[in-house]
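*Asks:* Now for the letters of each chain:
There are 2 protein chains.
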Amino acid sequence: MADRPTSIVILGGGFGGVYTALTLEKLLKREIRAGRVELGLVSRDNYIVFQPMLPEVISGSIGLLDTITPIRRLCPSTNLYTRAVDKIDLDKKRVAAAAGFGSRQCTLEYDHLVIALGNVTSFAGQPGLAEHALPFKYLGDALALRNRIIHTLEEADIERDPHVRRALLTFVVAGGGFSGVEAVAELNDFVRSAARAFRNIAPEEIRVVLLHALGLILPELPKSLAEFAQRLLMKRGVELRLNTRLHGATGDAALLVGGERIPTRTLVSTVPSASNPVVATLPVRKEKGRIVVDRHLELPDHAGVWAVGDCAWIVDARTGESCPPTAQHATREAKCAAHNIAAAIRGGEKRAFSFTALGKMGSLGHRSAVAEVFGIKLSGFLAWWLWRTIYLLKLPGLDRKIRVATDWTLDLILPADITQLKTEHPESVRRAYYEPNEIIFREGDRGDWLYVLVDGEVEVTKHVSGQGDVTLRRLGPGECFGEIALVSDQARSATVRSLTSVNVLAVDRDAFNSLFSNLPPLRGFFEQLIEMRSTAPGERMAKS
Amino acid sequence: MADRPTSIVILGGGFGGVYTALTLEKLLKREIRAGRVELGLVSRDNYIVFQPMLPEVISGSIGLLDTITPIRRLCPSTNLYTRAVDKIDLDKKRVAAAAGFGSRQCTLEYDHLVIALGNVTSFAGQPGLAEHALPFKYLGDALALRNRIIHTLEEADIERDPHVRRALLTFVVAGGGFSGVEAVAELNDFVRSAARAFRNIAPEEIRVVLLHALGLILPELPKSLAEFAQRLLMKRGVELRLNTRLHGATGDAALLVGGERIPTRTLVSTVPSASNPVVATLPVRKEKGRIVVDRHLELPDHAGVWAVGDCAWIVDARTGESCPPTAQHATREAKCAAHNIAAAIRGGEKRAFSFTALGKMGSLGHRSAVAEVFGIKLSGFLAWWLWRTIYLLKLPGLDRKIRVATDWTLDLILPADITQLKTEHPESVRRAYYEPNEIIFREGDRGDWLYVLVDGEVEVTKHVSGQGDVTLRRLGPGECFGEIALVSDQARSATVRSLTSVNVLAVDRDAFNSLFSNLPPLRGFFEQLIEMRSTAPGERMAKS
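In order, the protein sequence lines correspond to chains F and W.
For the first sequence, this note's numbering assigns the number 41 to the initial residue and increments by one for each residue that follows.
For the second sequence, this note's numbering assigns the number 41 to the initial residue and increments by one for each residue that follows.
The following block holds chain F by itself, in its conformation from the complex (with noise of 0.2 Å):
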C-alpha cells in the first residue's frame, strides 16, 4: 500500500460524480499533489449537462454547447477516462471500461469506488416506442428533437395531402412532469415562432398536444401553482390530454390506451426510466432498482464501495424519507461522499447524510414560470426571472455563466433560428413497428428499404387492371419482402400491409447492396428468391 498511491475511482459523469470528483480535488489537494492520492473519473461524455437548461436547445435560445460544461475544466486533478462503464468486479474490486480507437478495454483497480451512474431512458414493454419516440434526456436527444421540428416543417410546407399533414404538423409530448412540462413549453413556443418563415403553413394548422396520466400536470408542486401552468399552457395553445397514457407507437401515430390514435410524426416520451444496466447486474442490495447505502452513503457490506444519485437509495437521517432523484440533492450527496472518503483515507468523524431541498421551480417558456423556494409561491414572470438567475448562477464555470447570459441577451432581440442541423448518418440497419392494418409500402413508391419480418404476419397484394388489388402471397417471422426495388431500382411492384402487429428490421439500400454482394452465400439466397417471386408471383396464395 505504502508503494502505490490510494486510488479512488468515480463512475459516472452527471452532478453525482463530478461534484464528488470536485469536492475531492479540494478536500484531497495535498494528498493528491504529493502523489499518495490518484482520483478517476468514468464518464461518457468529455462534459456535465446542465439540464435545466435542456429544454431551451430546442428553440436555439441557448447556444448548443452552452449547456454543458467540460469536465477537466471543473475537475483539473482528476483522470477522466471518456469511456461507457462495462463491468463492476467488486471481489476483484476493480472496474473495467469500453474499449475506445482499437478494441483494447481499460481496466481500473480501486480503492474507494463512488457509483454515481444515474439511470437510463427505457422504452421496454410498449410496443413501438424504442422505434419512434424521441427520449429527452441528453444533450443529444435535444438536438434531435429540435432537428425533427425543424424537417416537419419543411415537409408540411411542401405537403398537399391534408392526413399527411395533419401528421406532421402534431406534435405530442407525453409525461406532465417537470421534464415534460418544460419540453412541451419550449417546443410549443419554439413551433409556433419557427412556423413564420414557412410559407405554406397557416398557425391554426399546428397542434401540439401534452398527454398527462393524472388530473392535474406538475403532481410535484402545490395545487394551485400546477394550475396555474395549466392555465397557461392552455393558453399558449398546447392541448392537455389529462387522465391519459400512451400505450405505444407507430411511425406515424401516437397510440392511446383505450384505442385512440392521434396521428403525428413527433412524438417526445419524458416518462420512462429504468436502472443503470451496470448497476442492474451488481450483485448488491436494492430498493426499487436503487443501490441501498448506509447513513455515510457506503454500501453496507462493501467497506470503501459509495453510491450518490439517482441511481443510489438514500434515505434521509434526519427525516427518515428517501432522497428525491433530483440534482440538488445529487449535488449534496456528492459533498457528503466526498467528506466521507476524505475521513476514510485521512482519519476523521465521517457525516450521516440529511438535505431539505430549498425550493422547486419549472420554466414554462416564453418568459413565465413556476417557483417555490423555502415555502413561499411564485408564478409569472417573476418566477421566471428567479428561474434564469439561479440557473445562471448554478451553471459550472464562468465562462458558461458568460457564454448563457449572452446567448439569453440576444435571444431578447433575433428571431428563432431555424436552420437544421443534419450531423447524424441515417442508420442503416434500423428497427420500425406496425400496427394491424398499415400500410408499409406502397406499390409505385420509391424503394430504399428491404424488410425483414421479426414477427408477425404481413400480405402482398398488386393492383391488376379489371382484377382490383390481388393478393399474392402472405409472409411470415424470418422472411423478407421489398428486395425486388432494391436489386431492380425500380419503383415498387406491390403493396405490402401489415394483418397483426408487427415488428421489422429495415436495411438500406447501401447496406442491402454492399453486404448482400459481397457475401456469396447471401446473394445466393436473394437471387433465387427474386428468382422464385417473380416466376411465380402467387405460388404461394394455394396455402391461403
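Treat the hints loosely; a few may be bogus.
Derived CB-CB ranges, DEER-like [stated by the list, open to error]:
#, chain 1, residue 1, chain 2, residue 2, range
1, W, H503, F, G329, 39 to 49 Å
2, F, A253, W, L130, 41 to 51 Å
3, F, R482, W, N477, 28 to 38 Å
4, W, A242, F, G388, 30 to 40 Å
It should be emphasised that the hints constitute simulated quantities derived from the structure, not laboratory data.
We treat Cβ as the ideally placed atom computed from N, Cα and C, and that holds for glycine.
We have chain F already, so just place chain W on it with the hints.
*Replies:* For chain W alone, kept in the frame of chain F given last:
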C-alpha cells in the same frame, strides 16, 4: 400558359442558387405577388453555409449555427424544397427530388431551370481515403473534425503505448490551397490550446503536418504572401511537407506517394472534388466536367436552362478566360442569370457575364491572415482584421452578423471549448482498408465487428504454447471472419493479418445480431461456419 404561372426552379443551396433566388425575388416582385411567376429552390439543407468561416467551427470560436443562414429567411417568397435532386429530365422539363418522410418522390415542372449544384468531394482512386480520411466541405465535416480532434486527445490522455500515442497526437492535412491552409491553421491553434486542459499530454508530443504537392503553398496568391504564410505556419509549429503527395490511408496512417507512412488517426483531405453525379449524367456539353453555357449563362441547345457557380463552365465576356470556382464569382453569376431570366420573361436586353475579382484572402488563424485586395498585398494582423470585417459584412442576414460579432468578442476573452458533441450514431456497417501485413485484430481483443472480405487475402493465426503462432487458415474474397467472438461474446480467439491490400466490410455487433438472428438462411450459414471452424481449425491449411 396563361392558366398556370411561369415556374422557375433553381437547383442547389449554395451561393449560386441562393443569390439567383434572392435576385429574382427582387426583380420579379410584382409578377410573384400577382401569382404569375412561381419560384422554387431545391437544396439538400435548409441553410446556406458561409464557407470562409467553416474552419472556425473546428475551434468553436464561432457558434456552430452562426456560419449558416436559413434560406427561408433570405428568400421569403421562394418555395424551398429541402431535398436532394435525383434527376433532371431536360426533354420533359421536370426535376425529380428525393423522398422525404415516407417514400414519395416529388416532381417539379419548370419553364426556367437554374443549375447551381456545385461539386462534391470524391476520394475515388486513392485506396482507403473514402474509408479513413475526413473531408472538409460541409458544416457536418467541420463538426466531425472537431469531435475527432477532441476524441483523439481524450484517448491520448489515458493511453500508455508510445506508438498508439504518437498516432493519436499526429494530425495530417492534405492540400496546401486556401481551404487546406485555413483548416490546418485553425486545427493547429485549436489542438495546441485545447491540449492544455489534458493532464497527461505534453505540448511537444503534438504534431500537425501539412502535405502539399508543389514547392510553395497557396498557389492562388503572389509568391511573397505565400512565403509569409509558410513562415508563419512553421513558426506556430505546423510541419510543412512540400512536393509531397498523398497516396492513400489506413485506419491509423497516412500513406505517401513513395511509400512513407505517417502514423495518424486524423487525416483531413481538402483536395479532391468531382462533378455532382446529377450533373455528370446530364446529356449536355461539358468542359472538364462543368456545364458549358453561352455568354448569357444559358445552355446553348436548351433555351430556358441556365447554369452558374462551380458546376458551370463560364467564359468571361471581356477577358475570354474561364471563371474560377469561388463564392465571389458564383454570387455575380447568379445575379447575371437572374437578370437574364427576368429579361426572358418580361422581354428586355440580356446581359453578357464579366467580372473581375476584388481580391483574395486567407485566414492563418490566431489573428493573422494574408490578403491581396485591388492589387495591394497585406499580411499579418491588418490582413486578419480586414478578413474579419469583410466577411462579417458579406455574411447574409443581420441576426447572423450580430451573433458572429458577439462570438468573436467572447472568443477574445474565453478559453477554447473542449466539449465533444457526439451526435452521430456509430455506423452499423462500415468499410475499411488495410495495407499488406497489417493486423486487423489480435487474439484477446474485444470483438465488436464481423468482417466480410471484399477483396484481398488475410491469414488467421493462433498462439499455441510451445509452438508459437500457428497459421489456421487463409481467406479470400466473399469469406468472413470474426464471427466467433460476436456469437460467443468472448475475446477474439485468433489474430487476423492482411497478406495483400485488403478491403473489408465490417458489421457491428448489434446489426449482426438483429440481422442474422432474424434471417433464418443467414443464421444457418453462420452456425454451419462456426461449427466447421471450431471442430476442424486447421482444415484449410492442407491447401496453403
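*Asks:* Next, verify each hint and record whether it holds.
*Replies:* Verification of the supplied hints:
no. : hint                        : in the structure
1   : W:H503 - F:G329: 39 to 49 Å : 43 Å, holds
2   : F:A253 - W:L130: 41 to 51 Å : 58 Å, violated
3   : F:R482 - W:N477: 28 to 38 Å : 52 Å, violated
4   : W:A242 - F:G388: 30 to 40 Å : 37 Å, holds
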